[in-house]
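Chains as they are written, first to last, in numbering that gives the first Met the number 0: chain A, 0 to 373; chain B, 0 to 373; chain C, 0 to 373; chain D, 0 to 373.
In case anyone wonders, no lab produced these hints; they're calculated from the structure.
Warning: the hint list may mix true and false statements.
Put simply, identical chains are the same to the list, so a pair is met inside one copy or across any two.
Computed cross-link-like contacts, EDC-like style, restricted to lysine to aspartate or glutamate with a CA-CA straight-line distance of at most 16 Å [as the list claims (entries may be wrong)]:
#1 Lys-32 with Asp-113
#2 Lys-257 with Glu-140
#3 Lys-144 with Asp-297
#4 Lys-214 with Glu-258
#5 Lys-32 with Asp-152
#6 Lys-257 with Glu-48
#7 Lys-32 with Glu-156
The structure displayed is predicted, hence computed values, not measured ones.
4 protein chains.
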Amino acid sequence: MNKNFFTTIFFSFLLTAILAQNPNRIKEPDIMKNPVRREIIMPTIPGYEIIKGDFHTHTVFSDGLVWPTIRVEEAYYDGLDAIALTEHIEYLPFRELVKGDHNTAYTIARPRADQMNILLVQAAEITRAMPPGHIVALFVEDANKLETDEYMDALVEARRQGAFLFWAHPGWVAQQPDTTLWWDVHTQLLEQDLLHGVEVFNWDDWYPVSMQWAKEKNLTWFANSDVHPVVSHSFNTRDFMRPMNLVFAQDRSLEALKEALFEQRSVAFFLDNLAGPEHLLLELFNHSVEIGRPFTTDRNGNWRVQLRNPTDLTFRLQNLESGNGATRSIVLHPRSSVIITCPASENGQTTLQYKATNLHTGMFEHPTITIIVE
Amino acid sequence: MNKNFFTTIFFSFLLTAILAQNPNRIKEPDIMKNPVRREIIMPTIPGYEIIKGDFHTHTVFSDGLVWPTIRVEEAYYDGLDAIALTEHIEYLPFRELVKGDHNTAYTIARPRADQMNILLVQAAEITRAMPPGHIVALFVEDANKLETDEYMDALVEARRQGAFLFWAHPGWVAQQPDTTLWWDVHTQLLEQDLLHGVEVFNWDDWYPVSMQWAKEKNLTWFANSDVHPVVSHSFNTRDFMRPMNLVFAQDRSLEALKEALFEQRSVAFFLDNLAGPEHLLLELFNHSVEIGRPFTTDRNGNWRVQLRNPTDLTFRLQNLESGNGATRSIVLHPRSSVIITCPASENGQTTLQYKATNLHTGMFEHPTITIIVE
Amino acid sequence: MNKNFFTTIFFSFLLTAILAQNPNRIKEPDIMKNPVRREIIMPTIPGYEIIKGDFHTHTVFSDGLVWPTIRVEEAYYDGLDAIALTEHIEYLPFRELVKGDHNTAYTIARPRADQMNILLVQAAEITRAMPPGHIVALFVEDANKLETDEYMDALVEARRQGAFLFWAHPGWVAQQPDTTLWWDVHTQLLEQDLLHGVEVFNWDDWYPVSMQWAKEKNLTWFANSDVHPVVSHSFNTRDFMRPMNLVFAQDRSLEALKEALFEQRSVAFFLDNLAGPEHLLLELFNHSVEIGRPFTTDRNGNWRVQLRNPTDLTFRLQNLESGNGATRSIVLHPRSSVIITCPASENGQTTLQYKATNLHTGMFEHPTITIIVE
Amino acid sequence: MNKNFFTTIFFSFLLTAILAQNPNRIKEPDIMKNPVRREIIMPTIPGYEIIKGDFHTHTVFSDGLVWPTIRVEEAYYDGLDAIALTEHIEYLPFRELVKGDHNTAYTIARPRADQMNILLVQAAEITRAMPPGHIVALFVEDANKLETDEYMDALVEARRQGAFLFWAHPGWVAQQPDTTLWWDVHTQLLEQDLLHGVEVFNWDDWYPVSMQWAKEKNLTWFANSDVHPVVSHSFNTRDFMRPMNLVFAQDRSLEALKEALFEQRSVAFFLDNLAGPEHLLLELFNHSVEIGRPFTTDRNGNWRVQLRNPTDLTFRLQNLESGNGATRSIVLHPRSSVIITCPASENGQTTLQYKATNLHTGMFEHPTITIIVE
């Protein structure tokens with residue numbers, strides 16, 4: 000090696016140092032949030048695509064506090080598939096400053112939604128005193144036509160446009176402070192095909208009695224954020240996901256979403272609760288939880304078995320058969336597993352019955368889960 | 000005990016169950032984010048109150064994506080003390096939809112700021128081609144008067160109102176793609192008291208050469224977010240705080256803040272870097288880091304000493320005296336301590352010299368920290 | 000520039016690439032845990048150094064599952080100042096495999112403690128049936144002498160060595176399944192200076208009645224982990240710190256620690272509860288929480304005031320004066336602040352009374368906190 | 000309602016209060032770590048069960064710092080399926096205190112492993128100077144017989160027992176400080192069927208050259224922790240998983256694990272790197288990443304497509320065809336998705352070529368990934 004070699008080495012270090020120390024501009028990507036979409040892991044259910052959607056949100060075009068594109072970005076990063084901007088028709092507190100019409104929020108958000116692969120549902124919130132309270136119309140074609148004197152005219156027009164209609168926050172403290180009542184008006188709406196769903200959860204409230212209505216009147220169940228500020232400023236996203244609906248659609252399209260909502264194929268998901276028709280809840284459990292084979296026997300002669308939940312759902316189970324040697328209480332947290340005990344069976348198969356306490360099929364009503372160990 | 004006693008017990012359980020299961024409405028506070036302000040822990044520096052501020056942000060009243068009150072709430076929850084909404088005078092892409100004038104964002108945000116104890120600086124961004132580029136005016140009285148044909152008129156008017164003026168993102172790729180140059184115009188502005196500060200950090204960029212300007216021309220150093228979307232959507236708030244300025248003010252008031260900025264008593268804080276006048280950086284270090292007494296001697300005869308940093312600042316230190324037995328490289332993370340070794344001294348006192356590599360007093364220039372162990 | 004220049008540049012890149020790609024061995028420091036001590040931020044209380052200690056732990060030298068040095072490292076990284084390895088004298092399930100005597104754990108851990116600046120208390124657990132149950136002896140000189148037939152002999156010997164004695168887990172389900180009783184034996188021990196403290200918290204249990212004993216009989220309050228496996232495997236360190244004691248010592252030394260324990264200057268800290276003598280709890284509150292000045296008046300004419308808690312303690316406060324316009328319920332989480340309202344006062348000073356529900360001065364007994372706003 | 004009713008209500012509250020305030024003992028489950036196993040999500044690969052294993056760890060029965068059962072519990076909670084306790088035959092620093100023989104650690108851990116459904120591999124580390132350095136023997140039957148004067152005798156005996164043998168940390172700084180050499184001895188071992196695998200990663204080191212050996216000599220690739228202290232004290236488990244091996248076994252059994260290791264069906268997983276035979280790496284990528292259909296076209300006429308990674312693996316991709324309009328650099332973080340652009344194709348299908356820079360098939364050698372968008 001000669002002097003030139005060391006000169007080369009010297010310059011190599013110098014150049015490296017210089018390149019690393021651009022005096023003009025240095026990017027610091029580490030200070031920025033990682034621009035990835037966090038995928039919510041759902042079970043694979045044959046025949047269905049689960050569309051995760053929040054169908055009740057606001058922007059500055061009614062009384063929300065963000066620009067419409069922010070709602071699309073929140074949906075994308077939070078792992079949702081679909082979203083609706085449900086601006087109030089009748090309540091526009093920023094009217095003096097924020098112009099546009101009842102379709103403007105949708106029009107602004109649409110290109111961003113297309114770009115981010117988010118299904119954007121055109122929508123509006125018909126905002127009236129009780130009864131009927133607030134009715135959200137999804138899949139409208141022209142929200143401006145919902146600005147009518149009589150709420151009935153607005154609902155009929157929405158329906159004429161093909162809209163799906165749901166009752167928002169029926170137990171809202173400002174409208175039904177002490178009770179959460181079903182009014183005659185709602186019976187009429189139901190009979191006239193002007194009411195198809197109801198929120199059982201909204202923002203930080205749930206209304207147990209509305210679960211009973213959903214069950215008995217064949218309404219579609221909803222858990223929506225009804226967010227006005229920023230989602231991540233409002234919700235405890237460290238421990239929970241934002242409220243959302245798990246819609247069992249035939250594919251990931253607006254058409255399939257609409258069809259599924261009209262056919263009540265939706266489960267409301269809030270905190271770690273899942274609320275909806277029993278058959279859908281059982282589908283979620285059965286395709287989420289993998290039941291292992293007994294791998295050993297404990298000193299009491301009971302089998303030990305692993306239950307594995309690779310999804311982002313939670314299942315809380317309470318043994319319905321006391322004293323049978325099976326684990327009394329099971330919590331299957333997201334992406335985790337637990338080992339339970341259960342009575343060993345001579346014929347090689349043991350059947351267990353658990354009540355799923357965080358699954359709701361009606362008011363304070365929980366489905367029974369059957370676990371077959373073999 | 001008689002039958003009535005057990006009846007009472009029975010009803011007690013029943014009532015308890017009923018009370019816990021209100022069918023009308025159940026609040027779920029756990030799903031909401033905890034509404035507390037996260038306090039950023041700073042050292043206590045005699046004679047000063049450290050005001051933490053972000054002096055460059057946008058809302059829907061120029062090209063930002065949130066309502067003005069959201070910026071105040073972000074500031075509150077992020078632990079800031081002061082904030083400026085710096086709407087562009089000349090760039091208003093939402094003009095067709097969002098009305099109001101150049102003071103509207105401030106007017107809307109002000110009551111919320113008063114309520115949340117946030118110092119709200121009235122401001123505007125004079126948004127011109129290079130030179131002079133974008134100049135932010137803090138402490139204006141009427142931003143509408145800054146809408147002028149000539150930028151010089153806008154700057155003079157701002158100054159007439161008493162404004163503090165700083166050059167935003169001098170190395171912005173759209174205006175100075177290959178270099179970050181100081182123009183003759185900036186010399187003129189400086190000489191005419193129309194330029195008082197410069198951003199050394201903006202969004203995710205820093206401009207080393209602008210640190211040299213700040214040092215040589217006695218400009219106030221700034222690190223601002225220049226945020227247009229939501230802060231928590233943009234910045235990696237798990238690992239870092241949002242960019243901010245640590246202003247050494249005489250008290251927590253707008254007047255003291257303004258005085259301190261005019262007197263260059265500000266340190267730019269971005270990622271874990273602190274950039275500003277050397278004497279302020281040394282104040283931060285000396286009042287943050289507690290140097291313990293030697294508590295034992297290692298097998299090489301060196302002292303072991305604990306350095307404790309109870310603040311939210313970080314200090315990265317490199318030993319300037321090689322081979323003296325003192326720890327070569329020290330990182331004092333927020334709210335943590337490390338044990339170092341240093342040569343034992345017969346007279347009971349050892350003096351160490353470290354370069355603080357994440358503290359910047361100029362372009363690629365770092366202060367020397369003296370640590371006295373005794 | 001000539002060809003040589005570009006050759007140099009070429010080789011510089013090549014060399015850089017080669018240096019970055021050492022084929023023999025590449026260190027990946029990112030995969031390792033950051034070797035810093037997480038400092039627990041306590042208030043500064045004039046005249047005292049708060050020593051954070053866990054005085055009940057086990058290693059493989061009785062029935063624990065880690066080597067003694069691991070306990071020291073856990074203490075260091077968890078931010079503790081002091082620790083005791085309290086091996087059972089009478090219960091040594093690994094005896095066939097793990098040899099040594101009752102001082103061995105201490106002897107092994109001591110050099111590591113000296114190196115990490117951890118105060119290591121020599122100790123043992125006298126492990127007997129109820130009464131008296133398990134008695135931990137801190138500050139023993141030779142634990143081997145505690146191996147006696149009669150428990151009384153062991154206690155007397157410990158005391159002869161100068162030991163501080165406390166009753167461990169008085170309500171342990173294995174020894175007092177249905178009740179947590181104080182036995183005559185304990186009265187005798189107390190009278191004979193053979194009992195100085197009691198655990199009010201151990202592992203995941205607390206014993207409210209033992210708080211009443213501590214208060215009435217002037218015993219030192221303890222919250223200890225009694226950890227046998229690894230601390231971070233056992234405790235929810237995401238949401239809470241491990242159980243510990245906050246000892247108000249005159250300096251950070253074993254002597255001062257011992258003196259403070261004998262003088263009942265200790266507060267038990269578990270979950271976010273603080274339990275101990277009222278005057279110490281008030282010291283903690285008063286030196287932790289900074290009460291701001293009223294910064295504005297709300298629309299009801301009440302002052303708005305910020306309470307700031309820069310420490311790692313939590314304070315839960317309940318207004319004792321209903322309907323006075325002051326915030327009903329306050330939670331001061333670690334390193335956070337909240338804004339409260341309180342009645343404005345014409346003379347410039349308002350005095351508020353709150354019950355601190357997570358501070359315990361006896362069984363279900365909480366101190367009253369006075370907040371003066373001015 | 001009469002007085003009795005209100006008496007009942009009164010007592011109901013009283014009883015409720017009393018029941019909630021058991022003076023004897025209150026459990027605080029919130030302070031304990033949630034006892035669930037965190038499941039690592041792997042792709043489903045037809046014909047294989049992926050066994051996640053760490054095959055190099057120590058306990059107090061050689062120079063480790065935990066009891067053998069702790070290693071099993073760590074494996075369980077960390078989501079591993081298999082583990083080996085590889086105590087040194089020749090290095091027993093705690094020998095004076097910790098008795099037992101070379102099988103004791105296995106014997107102690109075995110019942111706990113059976114209970115937790117962890118595959119426990121009986122093993123030992125033959126600990127010799129270089130060459131041959133340290134050789135780990137997996138699947139031994141009696142480790143005591145490996146205590147021989149000549150290393151060759153130990154290796155032959157291990158092989159006689161059916162053991163799988165791998166070279167641990169070939170580039171360990173204490174044995175090969177400046178280079179990582181393959182010695183003639185290793186060629187002999189290979190020829191005599193006494194060497195079947197090699198660590199490419201150990202603790203915090205990786206040895207690029209050993210990847211080349213693994214590739215060229217058909218050795219099984221390993222990434223092991225070689226942990227001596229507690230895993231969670233050592234590794235940065237916030238950002239990464241502990242080092243492990245992904246073994247493509249026919250079922251989840253010790254027999255299938257052994258077979259797969261002998262057939263080189265293993266991938267070393269460290270930080271976010273995957274290192275192993277190319278066909279296994281391609282299996283992992285192809286069954287992990289779901290490639291969506293083009294859902295829109297951007298303004299440059301390129302397709303936008305979503306790549307979704309529901310697994311806990313990471314894939315870092317670099318476009319091999321510059322300037323083709325496809326996204327230059329892609330990072331697929333665990334359980335996340337990204338949207339990329341790619342040239343639209345008239346025939347409905349576009350084929351992309353990316354280099355997977357965090358996948359290693361040899362020394363600084365990365366496989367090419369083909370992504371077909373249609």
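Hint-by-hint comparison with the structure:
1. Lys-32 with Asp-113: Close neither inside one copy (22 Å) nor across copies (30 Å); limit 16 Å.
2. Lys-257 with Glu-140: Result: close within a single copy only, 13 Å intra versus 52 Å inter.
3. Lys-144 with Asp-297: neither (68 Å within a copy, 33 Å between copies)
4. Lys-214 with Glu-258: Neither way: Lys-214 and Glu-258 sit 19 Å apart in one copy and 54 Å across, limit 16 Å.
5. Lys-32 with Asp-152: neither (46 Å within a copy, 39 Å between copies)
6. Lys-257 with Glu-48: within (13 Å within a copy, 39 Å between copies)
7. Lys-32 with Glu-156: neither (43 Å within a copy, 38 Å between copies)
Of the hints listed earlier, those the structure fails to meet are numbers 1, 3, 4, 5, 7, in rising order.
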